[in-house]
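Novice: Just so you know, the sequences run in chain order F and S. Start counting the first sequence at 1; every next residue gets the next number (the UniProt record's numbering). Start counting the second sequence at 1; every next residue gets the next number (the UniProt record's numbering).
Please note that a few of the clues may not be correct.
DEER-style ranges, computed between Cβ atoms [to be verified]:
id: 1; chain 1: S; residue 1: R185; chain 2: F; residue 2: G122; range: 42 to 48 Å
id: 2; chain 1: S; residue 1: R352; chain 2: F; residue 2: D11; range: 47 to 53 Å
id: 3; chain 1: F; residue 1: G74; chain 2: S; residue 2: E227; range: 24 to 30 Å
id: 4; chain 1: F; residue 1: R40; chain 2: S; residue 2: G19; range: 43 to 49 Å
id: 5; chain 1: S; residue 1: E388; chain 2: F; residue 2: V42; range: 48 to 54 Å
id: 6; chain 1: S; residue 1: G272; chain 2: F; residue 2: P9; range: 44 to 50 Å
id: 7; chain 1: S; residue 1: D160; chain 2: F; residue 2: T49; range: 44 to 50 Å
id: 8; chain 1: S; residue 1: H62; chain 2: F; residue 2: G76; range: 29 to 35 Å
Read the hints as simulated data drawn from the structure, not as lab findings. Note that this is a predicted model, so its numbers are computed, not measured. Glycine included, each C-beta is placed from N, C-alpha and C at the ideal position.
Residues per chain, in single letters:
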Amino acid sequence: MSESDPAAPADTGYDEWADSLAEGGYFIECANGHGSLPPRRVCPECGSTDLAEEALPETGEVETFSEIHVAPSGFGEDPPYVTAVVNFGTVRVTGIVRGLSADEVAIGTAVRPDVERNDATGNRLVVFRSA
Amino acid sequence: MTGVRVAGVGLTPFGEHAGRTGRDLFAEAALAALDDAGVPGEDVEHLNYGNFMGALAERQGHQAPLMAEAAGLRCAGTRYEEACASAGVAVREAVRAVRSGENDVMLAGGMERMTNLSTAEVTESLAVAADELFEVRAGVTFPGAYALMARAYFDEYGGDREDLAHVAAKNHANAVNNEYAQYQREITVEQALDSPAVASPLHLFDACPITDGASALVLVSEEYAAEHDIEAPVAITGTGQGGDRAALQDRADMARTPAATDAAAEAYGDAGVASDEVDLAEVHDCFTIAEVMALEALDLFDSGEGIGAARRGDTTRDGDLPVNLSGGLKAKGHPVGATGGSQIAEMTRLLRGDHPNSDAVPDATVGLTHNAGGTVASAVVHVLEVAE
Ligand SMILES: [Zn+2]
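Chain S on its own, in the form it takes in the complex (with noise of 0.2 Å):
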């Protein structure tokens, strides 16, 4: 099996791409990665692309061929759709095509546009997330999903508003030097508690704000990155995934997320790294308790005590183990079908030590990523590491 190398990223910023279309986001990604791995784009066979709700947003389907069209491959491409976790898959099967000795050079990324609806018909769109016939019926929204999570939670665990007030905080604090974050802003811990309520106990400042962005990696064998003196100095060491119960009602504990415990387990497994030796984490943080949530199921914090890392200072930027030095979802913006990706080109700059944050972990050599979809109903993990 060969090792996979991610020898280039590209974003675009985050945020309102008003009067954009998604074709032009993703080609600013896929060239910007390109340019950055020093790949030349006739060397890309394949595109792995990541979208959920092109057909609802630009009515557009089919997307995976226009993408690498507009990328200027002359490749095929294939789309996944995983709902938040499309890219994190996307990624997951470039990295399998590689290891199996079938490709050398894969594209992987995504792309959401979203700022083009109003509030009320992104809020329909992500509901197609969940299930038509037991939650969206009845009433469940994207945020009302995780609403029944977070109580949930406190109920077996205690915690309440303010923890998860100073995850939004942390998340904020760090995007404020990323040049790709949608808000690139300080908030305090009031703030997120006076925020209007959306669903109770979530508010206004417990959820990630609506994006649009593109995400783009390159993917090399070690092989082909030798061969052709492809400076690449993180691999993609092991990759996970996780499923679950579609519908929360049908889960046996509403308060954990065993489809990323899972993915987690065999991502750890197949790199060969235990829970400890990681030295940081870009979690799917689309609501602040998604987060809690996440450290424990990636047994980064033992059950009920993820709910306080914030707080304790754990999980800050000068804690033991920084978590979301990009922003985050929350801060940094969540283009539903890009952000798996975004997560990837975040750790691989991080680890790189050319990201705005890199100062921050500047003797990190193991990187966890956690990208998840729905109400964690799919969830995709990555271990990435310093390779040379």
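For reference, chain F alone in the conformation it holds in the complex (with noise of 0.2 Å):
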């Protein structure tokens, strides 16, 4: 799939979103301080309309992971794949974990976001590594 195949859904929002991680990412925060990923128009937690983007921490924590041993036909990534939660405060965000083996992953790991291209989807692939 590539990007100009007409079939692709929409992305708007998302793609943005994943793009800056390369730059160290933001997320949305209400006016009352919840953490929420694009695309927003409410607050999910409040239904605050009062919604800004905010830069993500250069760092988080790895809340959760596992190693993947099957993987979907078509994903294009090649298991065992490490894929995590990570805990940036007031968001957490998943992603495949670079650089790191399953043994060397554990909860409380650092870890900063970055963004590479799935060659197989043409999809943004969120990605994490060491920090």
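If you follow the hints, you should be able to join the two separate chains into one complex; please do so.
Specialist: Take a look at the structure:
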């Protein structure tokens, strides 16, 4: 699926956010301090529509992770690979861990976000690198 | 508000039905349910049908009218889709339709055809239940999502793979006598521990199989049962549904399933039943850790106590609270869109006394069913009671 594929679903909001991870990334914060990820018109926690983009902290901590041994067909990532949910304080982000084996990842491991391109699907791929 | 009785239940054997169509599977279950109920098909006023991945597996959307036709019904039908909780929702809405007085006779259940796909294709199809942008694209598979929850649970409450292996061994033991189960054979804790890793810390024997199958229930009002002399000793007295944020990353605590907690609270309140009155439960053990989290969400065990329940023997056949006497999704099988109906069919048989494992619970009067969608972004809980 290339970027010019007319059948590809629109990902406005998500694609811009994923691309921003190369420069540290951002999240959406409501007037009451709740964090979420785009696209958002309303805070899913409190319903506030007073939303602003805030920079993500430079690093986050692995909150949970799994070494995936069976991948979906056409996903374009050869298993095993490590997927983690990383806590950045007000938001958590899910992605694939680069540069660390499953044995080297633990709950609490500090990582920074980045973005790659999934060659098989053409989609952005959120990744984490050792901080 | 009128009471709702389970007049009849029908199941196909769960397993691999190579070469059979979904419509044929559902017809088999529906006809069995009507026969069990002694209710003529022309009395059915509406079909509530659960299905998740039919558009992918059989290239067949718009399945409800097709299934009504296959079952020989003249009524309209509606398809319900809530991932693995599709049939649970279909049953819940049928209960609500009867209670409202709008309908007296409903057919509810579901069907899924899965084994015609490769494992990689099933993995891809099931992943559709997760958040496409923030989870699927980040490499989270269905087993991977439960693995993320399992590690979060171990971190918060303790427990290990051996505790989970006891859940698998228990459910396999329960399936041995169940003629509808996909795996009618025992496994040992050691076999479960030694099975290959799928998504650490979960291994192959922590996961339910890939399954074809269908379930159907005939639900009737108490008035209809009395007028037509229908023998229907089991009533659905409580129903509840809960929802949560779709992506795990957006949940405050990945070791808990608040959608199930909310669904259970609603169902208990609806039935006027307390959690300590429950005699047995059928819970959604798509992965062994899911049974653990279900036990705690349903208030059957305190937080952190569910992990050891099978190992201690609390939830085994001889325990105080037998869980998944059918074999559960783990050993009976998990045809995704049929599972919620299958759980209620099995619970009805267990309470009526005509299930091969009814002898484990001879005096039981209150049963609980718990059906979850995805990583429990949706959950449906029902209370079943022996009414007469
Ligand atoms: Zn807010």
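Novice: Checking against the hints above, which ones are violated?
Specialist: Structure breaks hint 3 only.
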